[in-house]
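> Now for the letters of each chain:
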Amino acid sequence: MNVFEYANPTTTKEAAGLLAAQWGEAEILAGGTDLLSLMKNYVATPKRVVSLRGIKELSGITSSASGLRIGAMVTLQELHDHKAVHDDYHSLAHAAGSVPSPQIRNLGTVGGDLCQRPRCWYFRNGFGLLAKDEKGQPLVPAGDNRYHAIFGHPGGSPGAYYVHPSSLAPALITFGARVKVAGPKGEREIPLASFFATPKREGERENVLMPNEIVTEIILAAASKGMLTATYEVRQKEALDWPLATASVALRMSGDKVKSARIVLGHVAPVPWPAHEAEKLLAGQTITEDSAAKAGEAAVRGAKALSGNKYKVQLARVAVKRALLEAAAHGKEGMQHG
Amino acid sequence: MSKRKLPTQKGLSRRAFLKTTGAAVSAGVVSGAAAELLNAQSTAKNKVAGPGEVPITLRVNGETHNLNVEPRVTLLDALRDRLDLTGAKKVCDRGTCGTCTVLVDGKAAYACSMLAIDAQGREILTIEGLAPEGELHPISAAFVENDAQQCGFCTPGFVMACKAYLDRNPNPTEAQAKKALGGNLCRCGTYIGVRAAVLDAAARMKGGR
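Same order as they appear, the protein sequences are chains A and B. Under numbering that gives the first Met the number 0, the first residue of the first sequence carries the number 0, and numbering increases by one thereafter. Under numbering that gives the first Met the number 0, the first residue of the second sequence carries the number 0, and numbering increases by one thereafter.
You may find that some hints are simply not true.
With a straight-line cut-off of 16 angstroms between C-alpha atoms, the simulated EDC-like cross-links for lysine to aspartate or glutamate are [to be verified]: (1) B/178 x A/212; (2) B/178 x A/237; (3) B/177 x A/237; (4) A/184 x A/212.
Bear in mind the hints are in silico, worked out from the structure with no lab data behind them.
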């Protein structure tokens, strides 16, 4: 790790003032589980690290009639353990709790989960987000791409092939979450669904943040009564790893029929990937083995597998189906208990 | 709790030698680049420390330690190289193996993934502080009894993860014990013994045996 100066601001405004106008000059330190590894590998080489640990306004979860406000420095464990999250945003609590390492859940933060850098091994080994060789040719299509994207990549041309690593984003997007961001010009609010972006040029990042902006909180609208939600993750092993494919679903119900559905896939594209076709297909349907399987089919229509990740198409299909069935099962449990 | 002795200058130990050379190298690396940035942004200047050594205070195993570290020094390196608390091991140094597990404010955390300077004001418990010198904590005893280690290198991390978990849930099922140790790896593959040790330790700590 290179040397750097350490800043310890106590307000968001101060923190934004300590960041630089260029990417790479300064880095934000939240839980540290990602940044310190990037710095040890010289993928991140900031001159200044701005710790958010001393900023009280970034902590805590507030529950009110209008919904939930989650501070960016809330840890994954705190999110998982929070009663309102557990009761009203089931798929989100599940997503936070299924990050397999308690140590990561205790250190890792909500803001950090959204802003962590991709796990793509080309990126982590210094080939950049777009992973190109000296001639500017993309390394991923011809290389080892078993964990790379099956959606939203340029199909052999130069571009982004990594998958977004966030565990929380798919579930948060199904709830219509908004992100509050603070920068030198003040605050702005962005729907989480349009927070993530696919870089076209090296040097661009995987979200719409400016280099001197900080995610300060996540805002969730009040949970609607009787909404059924679930997150299903397909993993290679139970411990310490990132999922291969995930699906988060949120179903607004009318009796036993789906009024409207939100379905977002994770770990399949450079951004959390909404499955609009599957959402449309489910409107007016009851959730059965058959309708869930058909939604899974619809969710992976248009998938473009690379040379080594065809298996992920099947995993994504099954993740959607199982998430839907799990959400429906919560509905039945709810009725039995009620 | 017994006060651990810091290494003396007499008869330079491997650790002390590494410390000396590390300091020499870092002194060479500190260049004008970071200082330039400092000048460019004078706002909130008083909140900026480093890149050279800065005085910090750590609370470890109930004792207060004042030391000088560069901001880039991790909690793990401060514990091992400065305080000579070598129970927490440095293996992956990337938050993926669990050997460096310590308790920070009662919660299991990877010491490699925290900066020492950022760990100020927190209560840190390492395996050295788990039981008085010469005594075995019930968790450690359960690990011995249940053959929960082979080479033993991952054991301190497992014991600390186990301690954090049992403090939270003193009555785990085997499935819960498995999930609770999902942040620690054992390359000898002693997981079956470790799980048995967690359940045994839970019983011991309740005075069940």
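> All the hints need checking, so say for each whether the structure fits it.
Quick rundown of the hints versus the structure:
As the CA atoms of residue 178 of chain B and residue 212 of chain A are separated by approximately 36 angstroms, the hinted pair breaks the 16 angstroms bound. Proposed proximity of residue 178 of chain B and residue 237 of chain A is supported: the alpha carbons are some 8 angstroms apart, at most 16 angstroms. Distance restraint check for residue 177 of chain B and residue 237 of chain A: the Cα-Cα separation of roughly 9 angstroms lies within the 16 angstroms cut-off, and the hinted pair is therefore satisfied. Pair hint residue 184 of chain A plus residue 212 of chain A holds up; C-alpha atoms about 9 angstroms apart against a cutoff of 16 angstroms.
Hint violations for this structure: number 1 only, all remaining hints satisfied.
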